[in-house]
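Engineer: Below are the chains, spelled out letter by letter.
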Amino acid sequence: MAQPKKPVEDVEDVAIRFAGDSGDGMQLTGTKFTESTALAGNDLSTFPDFPAEIRAPAGSLAGVSGFQIHFSSEDIRTPADEPDVLVALNPAALHANIADLRSGGMVILNSDAFTGKNLERAGYDEDPLPELEDRYRVVEIPLTALNREALKDLKLSTRDKDRCKNFFTLGLMFWLYNRPIDSTLRWLESKFRGDVLEANLRVFKAGLHFGETTELFPVSFTVPKAKIQPGTYRNITGNQALAWGIIAAGVQLGRPIFLGAYPITPASEILHELARYRHFGVKTFQAEDEIAAASATIGAAFAGQLAATTTSGPGLLLKQEAIGLAVMTELPLVVVDVQRAGPSTGMPTKTEQADLLTAVYGRNSDSPMPVLAPCTPGDCFTVMIEAFQLAVKYMTPVIVLSDGYLANSSEPWLIPDVDSLPRSEVRYHEDPKDFMPYRRDPDTLARPWAIPGTRGLEHRIGGLESEENTGTVSYVPENHERMVQLRAEKVARIAQDIPPIEVNGADRGELLVIGWGGTYGAISSAVNEAREDGRDVSSVHLRHLNPFPSDLGEVLARFRRILVPELNSGQLRHLLRAEYLVDAESLSKVQGQPFKVNEIRARIDRVLAAGS
Amino acid sequence: MAAATTTPLKTKDFVSDLDVRWCPGCGDYSILKNIQKVMPELGVPKENVVFVSGIGCSSRFPYYMDTFGFHTIHGRAPAFATGIRASRPDLSVWVVTGDGDGLSIGGNHLVHTIRRNLNMQILLFNNRVYGLTKGQYSPTSREGMRSKSSPQGSIDYPIDPIALALAAGATFVARTIDVDAPHLQETLHRAHAHQGTAFIEILQNCVVYNDNEWLELEDRKTRISSALSLEHGEPLVFGPKGDRKGIRIHDGVPSIISLRDGDDPVSHGVATHNESHRSASYAFALASLSRPEFPLPIGVIRAVEKPTYEAMLHAQVDDAIEARGPGDLKELLHSGDTWPLS
Ligand SMILES: Cc1ncc(C[n+]2csc(CCOP(=O)(O)OP(=O)(O)O)c2C)c(N)n1
Ligand code: SF4
Ligand SMILES: [Mg+2]
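First to last, the protein sequences are chains A and B. For the first sequence, the numbering used here gives the first residue as 166, with consecutive numbering after it. For the second sequence, the numbering used here gives the first residue as 180, with consecutive numbering after it.
These are calculated hints, taken from the structure and not from any lab test. Heads up, the beta-carbon is just placed ideally off N, CA and C, and yes, glycines get one too. Please note: incorrect hints may appear among the correct ones.
If you want a taste of the chain B side facing chain A, the calculated C-beta under 8 Å gives, among others [said to hold, decoys possible]:
id, residue
1, 229
2, 247
3, 263
4, 291
5, 404
6, 422
Between the sequences and the hints, there should be enough to build the whole structure, so can you do that?
Structural biologist: Structure, rendered in structure tokens:
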């Protein structure tokens with residue numbers, strides 16, 4: 166990069182939202198900015214927010230695609246409540262996002278796009294800019310014209326030239342925050358060829374240069390490196406981590422992976438990702454529907470594979486009858502639900518945590534199964550290894566509840582040392598002597614995994630109730646009751662493998678905030694801020710939702726008030742009340758958006774004020 | 180995996196110790212006996228045999244076979260079998276389904292499993308009724324069938340399993356009859372030898388809810404006129420001596436030709452059966468033959484070869500290993516942009 170001639174100011178923490186039409190390449194721009202920011206050594210958290218329509222009408226509010234990145238020299242856990250900078254490539258992007266911008270924040274906009282027709286499509290009656298200037302620092306840049314100018318002698322159509330303008334924007338933002346450019350240049354060179362490569366390189370550099378020369382920006386900024394745990398880092402999204410966790414489980418447990426799935430937002434990337442790794446022996450099967458996906462997965466588990474099926478809410482419902490069969494036949498597999506806003510099709514690209522009760526209870530009859538939830542994108546990796554270990558150890562299907570927010574957001578991830586990952590041996594039953602398909606391990610109550618191809622173990626399993634030990638079909642009333650109890654007891658015993666709860670903050674006191682899944686960043690940030698301000702509040706984040714950790718009751722009892730923030734209408738609260746008879750309060754949000762730290766913080770303060 | 184069985188197996192080795200619970204006289208008994216008879220002849224170690232079924236009277240089948248067995252959920256057996264076979268091509272996988280299980284609730288999976296051509300046998304026991312749920316009309320029931328749920332007669336048009344299988348791109352399609360032991364056994368042998376999905380419709384009598392549905396085909400005396408016995412390379416002729424007839428297929432449309440004793444059927448325009456015809460339209464013409472206008476084709480309707488799903492899946496795994504080496508977790512986690520922080 167050219168030696169910066171303008172002054173550079175240090176800032177601790179910045180959040181930028183890139184917003185434009187869904188055809189403007191905002192996700193790519195955000196991703197490239199993120200990669201470079203990670204290389205710069207900042208802690209970061211991102212939140213892509215895109216429309217469900219692949220191509221909504223150009224310039225419309227429905228077509229606005231956004232990508233927020235929060236980066237800092239301190240430890241951060243959320244994409245930030247309010248961006249400091251909004252980059253808006255058209256009026257719709259401005260309209261859809263301006264309300265979130267911090268007051269006094271900066272708007273960088275493409276002034277060329279603020280024409281009559283675009284304003285109208287974005288729902289503006291008049292030019293919004295004059296009014297904006299009272300509240301924000303507005304930087305108007307004729308991006309379209311500057312971009313075309315930089316490419317004027319290239320033989321590309323105007324349309325193709327205009328498509329490069331996100332790299333002009335990226336270049337400008339790289340200059341403004343002094344991001345390293347090398348990896349982006351390398352990426353451009355590997356991704357594009359010929360005139361398109363030339364065009365993208367040119368406008369990227371033109372963007373950098375524009376920053377340096379324009380009078381619009383008197384200074385640029387830099388965010389010092391964060392003091393984070395030493396090691397080798399990479400960026401990872403929840404879906405990618407989840408897919409890699411499945412691969413890792415195969416390696417660590419030493420058995421082949423089978424994935425049965427049917428495409429659905431926001432879970433499809435897991436299927437895409439795994440399909441790329443056949444050299445790990447991974448067999449992916451794109452089924453005709455979720456019922457077949459789950460069924461084939463259970464078939465593969467019966468045949469001895471480490472089997473997983475991935476989906477989102479509507480798909481989980483289709484799978485539930487088959488999952489019930491896996492509960493009945495006590496076969497190990499992992500079901501992943503990347504939750505999205507519902508009911509029904511709901512808002513497919515938006516996040517929610519409202520499948521908890523479905524996961525715990527949503528099958529016919531008493532059909533208990535373990536439920537786990539990762540809390541950060543990187544944690545999606547770890548949770549999958551644990552899920553497979555539990556599935557195999559206890560011979561049970563396991564549900565993992567991720568969500569749309571975890572799935573698509575990314576964070577710098579400390580790459581784990583492969584040698585330190587949990588490892589366990591998976592044993593198929595082989596001894597035909599006195600073999601009984603439902604004879605249980607006295608500790609775990611697991612039945613043997615006796616796979617086809619093993620001589621002398623020929624046996625039948627199925628959805629009909631089985632006799633204890635022998636597994637033959639049985640309608641004996643007492644036997645059924647006994648088997649119902651055994652299935653429940655087996656899942657309950659998983660609690661013996663759950664480590665004691667770690668309370669964030671004091672281990673007793675006035676208020677405990679308890680959450681689960683993808684809300685971890687927002688909850689822990691809010692609680693830590695409140696504690697710094699002297700509030701008597703602690704938090705617990707649950708990874709195990711069925712069974713609960715065995716010390717959860719005691720922990721709850723040590724606090725006077727319990728607050729449960731969830732992106733649903735109070736499902737965990739419901740379970741806690743039912744299980745522990747505590748008067749837990751709900752902080753519910755169902756807008757398809759993650760919690761803001763402030764929303765939780767405000768509620769903490771209210772609860773504490775009311776209590777005193 | 181255990182070594183192959185050494186002593187030759189017998190029929191009784193395939194009989195499980197569970198009491199068979201079909202109604203006395205049910206066609207399923209005959210099918211069970213014939214399958215238990217054929218199994219040892221196939222030379223597959225019984226620990227490598229897996230029977231997979233859905234729900235229905237017919238789907239109780241796996242419980243009675245002393246092999247590995249999986250009685251799954253209604254309609255989904257082909258999908259379970261897909262997971263088994265795709266991950267374990269060393270296993271001999273047999274699906275047992277009914278006309279309700281396979282064509283109603285599970286129609287989707289039947290179509291897609293056949294389309295993928297996994298190497299497995301799918302046996303559809305067609306009794307044209309829901310047996311287990313006590314006698315409602317099924318997707319193969321005749322128009323107007325009176326049943327518990329259609330007291331005034333069914334107003335559903337039936338579906339033909341053979342035509343459906345062909346439409347799904349089946350590489351092996353056959354029809355046989357529960358009580359015709361030699362034909363049933365021969366068909367099972369053929370199906371097992373076929374590399375790909377072998378779909379067999381077995382006409383099965385439900386004595387309780389749809390008795391004598393297939394009587395004219397089960398009865399040896401009437402079968403000669405009501406069935407069209409298919410033999411590869413032989414003309415499509417049927418009927419007793421003195422009333423011989425043949426099937427002509429012109430522009431894909433079949434018609435009946437009467438033959439005199441001594442007539443050469445082929446020179447009179449009777450079609451010659453070719454189960455491996457390149458075009459499926461010949462098989463579709465056969466599938467369109469239905470009672471009472473035409474005799475019902477019995478035998479192998481189509482048998483062609485196509486690579487199987489699992490062979491291609493495992494080849495992709497092998498190719499990937501060949502090209503990239505066996506997967507290395509550390510390498511994966513460190514692939515792409517990484518950066519050290521100290
Ligand atoms: C999800 C579900 N829906 C309905 C049923 C009830 N049910 C069981 S078997 C059956 C029909 C079976 O008919 P078919 O496949 O023809 O088998 P048959 O009994 O005639 O051999 C039905 C409707 C069920 N078991 N599961
Ligand atoms: S109801 Fe019909 S199909 Fe079912 S066992 Fe009885 S006779 Fe057989
Ligand atoms: Mg039936």
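Engineer: Go through the hint on residue 229/B and say holds or violated, using the shortest Cβ distance to chain A against 8 Å.
Structural biologist: Result: holds, 5 Å to nearest chain A Cβ.
Engineer: Have a go at the residue 291/B hint: is there a Cβ in chain A nearer than 8 Å to its own Cβ?
Structural biologist: This hint holds: residue 291/B lies near chain A, its Cβ roughly 4 Å from the closest one there, short of 8 Å.
Engineer: Hold the hint about residue 404/B up to the distance rule: shortest CB distance to chain A must be less than 8 Å.
Structural biologist: violated (40 Å)
Engineer: With a cut-off of 8 Å on the beta carbons, see whether residue 422/B makes it to chain A.
Structural biologist: The hint is violated - residue 422/B has no Cβ within 8 Å of chain A, the shortest such distance being about 47 Å.
Engineer: Grab the minimum C-beta distance from residue 263/B to chain A and call the hint holds if it beats 8 Å, violated otherwise.
Structural biologist: holds (4 Å)
Engineer: Does the CB of residue 247/B sit less than 8 Å away from some CB of chain A?
Structural biologist: Holds - the Cβ of residue 247/B comes within 8 Å of chain A, reaching about 4 Å at its closest.
Violated hints for the displayed structure, listed by number in ascending order: 5, 6.
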